[in-house]
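Respectively, the protein sequence lines represent chains A and B. full-length UniProt numbering puts the first residue of the first sequence at 1, with every later residue one more than the last. full-length UniProt numbering puts the first residue of the second sequence at 1, with every later residue one more than the last.
Honestly, the hints are just simulated from the structure, not real lab data. From the three backbone atoms N, C-alpha and C, an ideal C-beta is built for every residue, glycine too. Hints are not guaranteed to be accurate.
[To be verified] Derived, one-sided and incomplete: chain B residues facing chain A with beta-carbon distance under 8 Å: (1) Lys-40; (2) Arg-103; (3) Glu-204; (4) Trp-205; (5) Arg-219; (6) Thr-223; (7) Trp-226; (8) Leu-602; (9) Ser-603.
[Claimed, not checked] Derived lysine to aspartate or glutamate pairs resembling DMTMM-like cross-links, with alpha carbons at most 25 Å apart: (10) B:Lys-271 / A:Glu-245; (11) B:Lys-30 / A:Glu-99; (12) B:Lys-713 / B:Asp-784.
[Stated by the list, open to error] Here are some chain A residues the structure puts well away from chain B; computed CB gaps all over 10 Å: (13) Tyr-174; (14) Asp-292; (15) Thr-304; (16) Gly-328; (17) Gln-349.
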Amino acid sequence: MIHSLFLINHSGDIFLEKHWKSVISRSVCDYFFEVKEKAVDPENVPPVLQTPHHYLISIYRGKLFFLSVVQTEVPPLFVIEFLHRVADTFQDYFGECSEGVIKDNLVTVYELLEEMLDNGFPLATESNVLKEMIRPPNILRSVVNTLTGGSNVGDTLPTGQLSNVPWRRAGVKYTNNEAYFDVVEEIDAILDKSGTTVFAEIQGVVEACVRLTGMPDLTLSFMNPRLLDDMSFHPCVRFKRWESERVLSFIPPDGNFTLMTYHVSSQNLVAIPVYVKQNINFFETGSCGRLDITIGPKQNMGKTVEGLMVTIHMPKVVLSANLTATQGNYTYDLTTKVLVWDIGKLNPQKLPNLRGSLSMQAGAPKPEENPSLNIDLKIQQLAISGLKVSRLDMYGEKYKPFKGVKYLTKAGKFQRLSLSFL
Amino acid sequence: GQHLNLISHLRNLKEMLESSKESLKLEAMKRIVGLIAKGKNASELFPAVVKNVASKNIELKKLVYVYLVRYAEEQQDLALLSISTFQRALKDPNQFIRASALRVLSSIRVPIIVPIMMLAIKEAAADLSPYVRKTSAHAIQKLFSLDADQKEQLIEVIEKLLKDKSTLVAGSVVMAFEEVCPDRIDLIHKNYRKLCNLLVDVEEWGQVVIISMLTRYARTQFTSPWKEVRGQSGEVMKAFYESDSEEKKGHTEEKPYIMDPDHRLLLRNTKPLLQSRNTAVVMSVAQLYWHLAPKHEVSIVTKSLVRLLRSHREVQYIVLQNIATMSIQRKGMFEPFMKSFYVRSTDATHIKTLKLEILTNLANEANISTILREFQTYVKSQDKAFAAATIQAIGRCATNISEVTDTCLNGLVLLLSNRDETVVAESVVVIKKLLQTQPTQHSEIIKHMAKLFDNITVPMARASILWLIGEYCERVPKIAPDVLRKMAKSFTAEEDIVKLQTVNLAAKLYLTNSKQTKLLTQYILNLGKYDQNYDIRDRTRFIRQLIVPSEKSGALNKYARRILLAPKPAPVLESSFKDRDRFQLGTLSHSLNSKATGYQELSDWPAVAPDQSVRNVEIIEASGSDSEEESSESEKTSSDSGKSSSGSEQSSSESELEQKKKKKTKKVPQKKSKPTAADRYSEIPAVCWSLRVTTSSFGPVKTYELLHHMTGKGLAAKYHFPRQPCLYQPSMVAVQVILSNSSDHSLEEIHIGDRSPASLSIHCFNTIERLEPEASVTVSMGIDFSDSTQAANFQLCTKEDQFSVSIQPAVGELLMPSSMTEQDFCKEQGKLQGMNETSATITMETANASSQAISKQVLSVANVGVVSSSQNNFSRFAGRTVSSGALVLVSLELKESSTALLTINTEKTVMASMLLRDIKQALTQA
């Protein structure tokens, strides 16, 4: 399926190549470079390309291109999903997925790629299985290894690969048994000029960090599971139990993993936690404009809104901004034309305001479109949809684990449009 | 300089590899792998590296493997040196070592070792470890790509592996099937239901492959589920295509459609996978529903596909492409999710364009105003290519929905005064197309465009305006000649497409208004005659001949007006995804809109379903006919169910050891085989027969207590008769003993001590060194009872204690089944008359009166074989005594009202009477 993989950095250097079948010359990447050149922005490179003899399927992650070469028909999503899994694995092993880190751990990376595919078909992609075979690097061990010639290849055999719970390694032991669940929700919203919601939805994810001894069998139940409209599960979740009882029953992988992602039905009204009053004007004459933005709390369920940040992509003609903020700081990047106003915590008694003038290129016509605002925010201890975990039960092991649930609401793609219609 | 550097570096590495220090070697290998990763050539180190192939250090060994696989093709002769290491490892007791040896061996692309690979694959495909079998499935593809001539042999292996019941193997073998013999659909029939049922438990990547293969399979085996809903929206095309064959199969039409249960099974078992975290799995289920499900069921995939739009950009791209194709045929599926396709300013250009495509496909009378409002904001986008695409989309909406045509047209005209040139140009092009579809009184718009003409510089837009003016020159009689006048001035400076349209305009005006334009036209034609572009010269010459009457022009001249000013069909504005549905959704070919290498066409539904029974699988498989390993595995898996079906793999590592032991011990008699033993085999062919007899037909095995844990000081023992031929000696009865330790300390040296009578011949199990508390172990032994039910007494010993135990066999356990025909049975029975015959009339429990129930009861009592009978009222069973091989024939003749005559013929009269008693008891009881 996947014939070869090339890792390419931002400036177009191939810094790693791996072939699972016979070797394909790296000149095949030239077709890719040609397209990349045209696309200008790396995000605009189409993920699937055709060359006379090969097909190139690529992803762009962490300023790197993962470019795979395919010779025959294959579902493109299969390859894309796998490449992202590779990037996830690097992230998991080295803490980040960047050129530097990959170059520093070239041998480990190569060993991982060797185990993840056999003849181009995925072999071991579960983090738990991989970690049994190839241990993630840590400083102490690498020092010891250089002295003693020890290795970071596990001498134990990956029994997980044979069991019916391939995502969990065998013989897990902890002195402190703990299971933490983070319910993180993101609001995606588009508001129009008048502040009316054009589109709003909530996407949630339950992230788990489970460190439990042995083979625990967990059941996580919600107070209000009916809220959830559409979800996807980690392979460990027993789908039948969810269908019949609406509980998550599973034997967890060891460590961090995403238990489920969900979507809250769009029938429910999505609470928008803040309102924005904005006034951006460009004058026909005088090459200047005015900006006035105020933010206030709306539906935040009595919790504090934190990490508030407003980002505005200004029209190209705006040269500089001379503004005063009653709270927080603002920066205006002259090259990217991005205005960022970092507000921080929202104080309902004293609403943050940003106002002042914008100066424009002399003689340039007035921008026809007013810029839109992107808003970022965080609310701790609240899942904006109202979803609540009711209990977590453990079977199969005798000890009492420590259990914890955290809630967090974030702004996803939160856009306040300011449009003047035709 | 760099090259020299590399050379000295390589020399350095070679020295490190040849040192005796493990750590230096490892360091060298790491650097070499680093070189490979960077794409540097390290092939000259091959001899030095390959020496380390058998290293004890696992990491070093693995790195050597990496190197070997990379360079073996270039250094074939040297690579051969390493082969023996792998061949040895293929026999290793550890399954991981076996698997990894096969993996590397099959990755070495050296044609000379093809036979070795073939042999290794065949052996691994029969391995007890499912992990090794999985590896062999991968190796099949490698060998096939190395040497396609092996196809036939490989198909045999694939066929065998397809029967595998392990979830670990399923995905890999289907992958091999797809690569080696995708057209051999017949291999799938018997495994179809199993694959459907295993699907949920197969690993994610295997799921994708299996689902896509089953989609193709289903399209060849089931009839179309789409007929019943014909006539609904989106079905027009299908109905159209089917209509020509309608008359022929008019009678099938009348029959209501009933879905094949196997078809339903596939749909039902794939549905849960829509909730998978793996986007490729979700997409593959979506395409399966699209191609296989009844139309009203397809919409269940919508939500999941929309969910995927939250994923990475690349995932969005593929999913949007597929939704674009789907939304042309089935607007209804995605209309409720219209807002999910709204474009965000942060989207990449190709994502934006796809979303626009989908929104346009979804537009209808009800939602068009919302969509147009959305489009208006897109037109203002900074991304001008996207703005242009939006204008195209508005044009498509205008032609598709007649209610909004005028609104759109007015909107586009307003855009003509936009500051941005690309927007204006695109608007002109779209307006041109729209005016063609709506040729009524639009002279105002044409006039407006003529006025703008001077300010528009984009060639395509200028050409479009010229064409419009020419085409409708009679509606703008005053403006048209003036435009032509301007063009005559600037002709030489224009782009080619503009020149061509100028010539067209001139010709049309010449025909309609020659008074005003004759000279201008001739001037332009003269300019064109000497143009640098031959297309323009050609066109000019052609036009001149056509419109200017001369002696040579002939008849064509009369028709010039009808040719040039013929009413022209309006261009159809349609989606670029219109014909994409010729490709299976989710495929690379669909994504590229061109057939990729190795693309498998999805066949049309068959008009008449092929034989459904081909998928039937006999539930009871004769275990004797298959190889031993397979039958033992099938028992295990069939006893589990559902999710735990993979439990067999969990225990396989233990059972593997056990099996290994058996295998070894099985070989023992062969090694020891003295001439005497061989003689015995030939003397008593009955034993050979019995080996072939089915033994799996009886019910649960009775277990007896050998030693209670109270008397055994914690050691407990139970035994049962597995009714298998004893491997140690054919005259022995096989006994399995389960030893368990219920004390709180471990027991050591469990073995068999003295026995009585002293002549008793027992094959003991090997001494068990240690049995941990709460552990248990199953051992097998053989006892020669000499065809008597006299108990075998012996001592079960631990390190400290000795316990007297005894095994008393039921008479039925002293027999081995014997297979014979009814004729043979009657012939043998005839020889065993008189005092060799024992019989009794019995009254059976009514529940036992059927011949099946009789067989069950008799088989539970005695280890005999069923003789197939042609008479309904006769049940016959045949066996031989284990020790001496004497025939034992049991027959049962049913009389009226559940009485029966039970007859036993054998020379062993004592056994006969005991057996009679036992069988009688079994049949008279409920």
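Checked hints:
1. Checking Lys-40 (chain B) against chain A by beta carbon gives a least distance of about 10 Å; that is not within 8 Å, so the hint is violated.
2. With a cut of 8 Å, the hint placing Arg-103 (chain B) at the interface with chain A holds, because the nearest CB-to-CB distance is about 6 Å.
3. Contact between Glu-204 (chain B) and chain A, as hinted, is supported at the beta carbon level, the nearest pair being about 7 Å apart and thus within 8 Å.
4. This hint holds: Trp-205 (chain B) has a C-beta 4 Å from the nearest C-beta of chain A, less than the 8 Å allowed.
5. Annotation: interface hint on Arg-219 (chain B) violated; nearest CB of chain A at approximately 16 Å, more than 8 Å.
6. For Thr-223 (chain B), the shortest C-beta to C-beta distance to chain A is roughly 26 Å, which exceeds 8 Å, and the interface hint is violated.
7. Nearest Cβ of chain A to the Cβ of Trp-226 (chain B): about 24 Å, over the 8 Å cut. The hint is violated.
8. Annotation: Leu-602 (chain B) was flagged as interfacial toward chain A, and the flag is violated, the nearest CB pair being 12 Å apart, outside 8 Å.
9. For Ser-603 (chain B), the shortest C-beta to C-beta distance to chain A is roughly 16 Å, which exceeds 8 Å, and the interface hint is violated.
10. In summary, the hint linking Lys-271 (chain B) to Glu-245 (chain A) is supported, as the alpha carbons are separated by about 18 Å, within the 25 Å threshold.
11. Pair hint Lys-30 (chain B) plus Glu-99 (chain A) holds up; C-alpha atoms about 19 Å apart against a cutoff of 25 Å.
12. Restraint check: the Cα-Cα separation between Lys-713 (chain B) and Asp-784 (chain B) comes to about 29 Å, which exceeds 25 Å; the hinted pair is violated.
13. Distance check on Tyr-174 (chain A): its Cβ is at least 23 Å (rounded) from any Cβ of chain B, clearing the 10 Å threshold; non-interface status holds.
14. At the 10 Å boundary, the C-beta of Asp-292 (chain A) stays outside the reach of chain B, the nearest C-beta of that chain being 22 Å off.
15. A cut-off of 10 Å between C-beta atoms confirms that Thr-304 (chain A) is not in contact with chain B; the least separation is 27 Å.
16. The claim that Gly-328 (chain A) is not at the interface with chain B holds, since no C-beta of that chain comes within 10 Å of its own (minimum 23 Å).
17. Residue-level check passed: Gln-349 (chain A) sits 34 Å from the nearest beta carbon of chain B, beyond 10 Å.
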